[in-house]
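If you read the sequence shown in our numbering, its first letter stands for residue 298, the second for the next number, and so on.
For the record, the hints were derived by calculation from the structure and aren't laboratory data.
Since the model is a prediction, treat every value here as computed from it, not as a measurement.
All C-beta atoms in this analysis are idealised placements derived from N, C-alpha and C, irrespective of residue type, glycine included.
Among the hints, a few may not be true.
Listed next, with one range per pair, are the computed distances between beta-carbon atoms [unchecked claim]:
#1 Asp562 x Ala362: 25 to 33 Å
#2 Gly536 x Arg507: 26 to 34 Å
#3 Gly524 x Ser376: 30 to 38 Å
#4 Glu317 x Thr340: 47 to 55 Å
#5 Val551 x Leu409: 55 to 63 Å
#6 Arg459 x Gly524: 46 to 54 Å
#7 Ile378 x His478: 32 to 40 Å
#8 Gln522 x Gly329: 32 to 40 Å
#9 Arg507 x Val551: 20 to 28 Å
#10 Lys598 x Asn304: 16 to 24 Å
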Amino acid sequence: MATLLSNRSGEMEVFAAVVERGGFSAAAKLFGMTPSAVSKLVTRLEGRLGARLINRSTRKLQLTAEGQAFHQRCVAILSDIAEAEAEAAAGRAPRGRVRVNANVAFGNQILLPLLPAFLAEHPELSVDLVFTDQVVDLIEERADIAIRVAPGPLRGNQLMARKIGESAVAVVASPAYLARHGEPKTPADLAKHNLIGFNFARSVEGWPFRVDGALISIAAVGNTQVGDGEIARQLAVAGVGLARLGRFHTQAEVAAGRLVTVLEDFNPGDIEVIHAVYLGQGGFVPARMRAFIDFLARNVKIRA
């Protein structure tokens with residue numbers, strides 16, 4: 298029989314059991330309580346939170362939006378508590394699954410080549426990877442760590458963040474595209490070119506340039522919009538148009554002559570900073586997550 302502690306984590310255990318087992322009776326059996334006692338505990342919890350968590354009917358229980366959000370947090374917190382106790386009791390090596398959501402370019406070019414070394418260093422860990430340039434909600438996506446690329450330091454973010462690299466940004470095009478359409482000499486010339494844009498919200502819209510000491514922005518107008526930087530890079534290499542990407546993303550193509558940087562005299566010198574972000578406001582970071590973040594901090598060498 299499971300043991301119930303008379304504290305907030307105990308309330309979370311009971312609430313989570315009600316949700317996951319589909320009712321008060323099943324949760325009561327797990328903890329050796331009566332269904333009415335479980336119902337009263339949930340009612341007290343709702344009163345303390347000032348929010349209804351469950352809509353009750355004679356046939357089934359239905360979570361409210363607040364209940365769904367609270368349940369997700371409960372599951373994460375209870376998992377962290379269990380892992381903290383296991384680590385303290387056994388002093389063991391990190392184990393378990395690390396769920397990572399990464400920027401597509403970072404994932405393909407930086408993370409995947411490093412992954413074998415990480416798994417060899419931590420044989421009791423496994424990694425669940427999702428690559429997307431969309432900004433995800435860690436709780437909603439059940440991700441432990443997200444790699445985020447943003448201009449400058451993260452602002453107004455409630456997550457914990459650790460900087461793991463930074464990259465300058467440049468406009469690039471293939472030699473074949475420039476041979477057909479000519480090389481733009483000033484940002485104004487971009488009006489005559491095909492610019493590969495992004496079809497998702499970004500913290501900075503448009504392409505920034507510095508002209509006569511003033512910062513201006515050019516809208517990325519063209520016949521192609523994409524959902525991630527890797528597709529933009531491939532299209533630029535294929536000669537579809539110009540793209541503005543982090544130098545770490547394009548440096549191999551530039552070195553090989555498959556891409557050429559343009560408008561460097563007008564480059565404003567903005568920097569994209571790469572962070573590993575994670576939930577950890579309470580101070581405790583599970584060993585499996587800490588191992589992954591520490592590994593990135595040691596091994597990612599992006600200073601392009």
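* Asked: Is 25 to 33 Å right for how far apart the beta carbons of Asp562 and Ala362 are?
  -> violated, 52 Å
* Consistency of beta-carbon spacing, Gly524 to Arg459, with hint 46 to 54 Å -> violated, 26 Å
* That 47 to 55 Å hint for Glu317 and Thr340 (C-beta), does it hold up? -> For Glu317 and Thr340 the Cβ distance comes to about 19 Å; the hint is violated.
* Asn304 and Lys598 - C-beta distance against the hinted 16 to 24 Å -> Given range 16 to 24 Å: violated, Cβ gap about 45 Å.
* Range agreement (Cβ of Gly329 with Cβ of Gln522, hint 32 to 40 Å) -> Violated, at about 58 Å.
* Does the Cβ pair Gly536, Arg507 satisfy 26 to 34 Å? -> Given range 26 to 34 Å: holds, Cβ gap about 28 Å.
* To do: Take a look at whether the Cβ-Cβ distance between Ile378 and His478 falls inside 32 to 40 Å.
  => Roughly 60 Å apart at Cβ, these two residues miss the hinted range, so it is violated.
* Using the beta carbons of Val551 and Leu409, state whether their distance is inside 55 to 63 Å or not. => violated, 21 Å
* Asked: Does 30 to 38 Å hold as the CB distance between Gly524 and Ser376, or does it fail?
  -> holds, 31 Å
* Range agreement (Cβ of Val551 with Cβ of Arg507, hint 20 to 28 Å) -> Given range 20 to 28 Å: holds, Cβ gap about 21 Å.
Hints 1, 4, 5, 6, 7, 8, 10, counting from the list given before, are not met by this structure.
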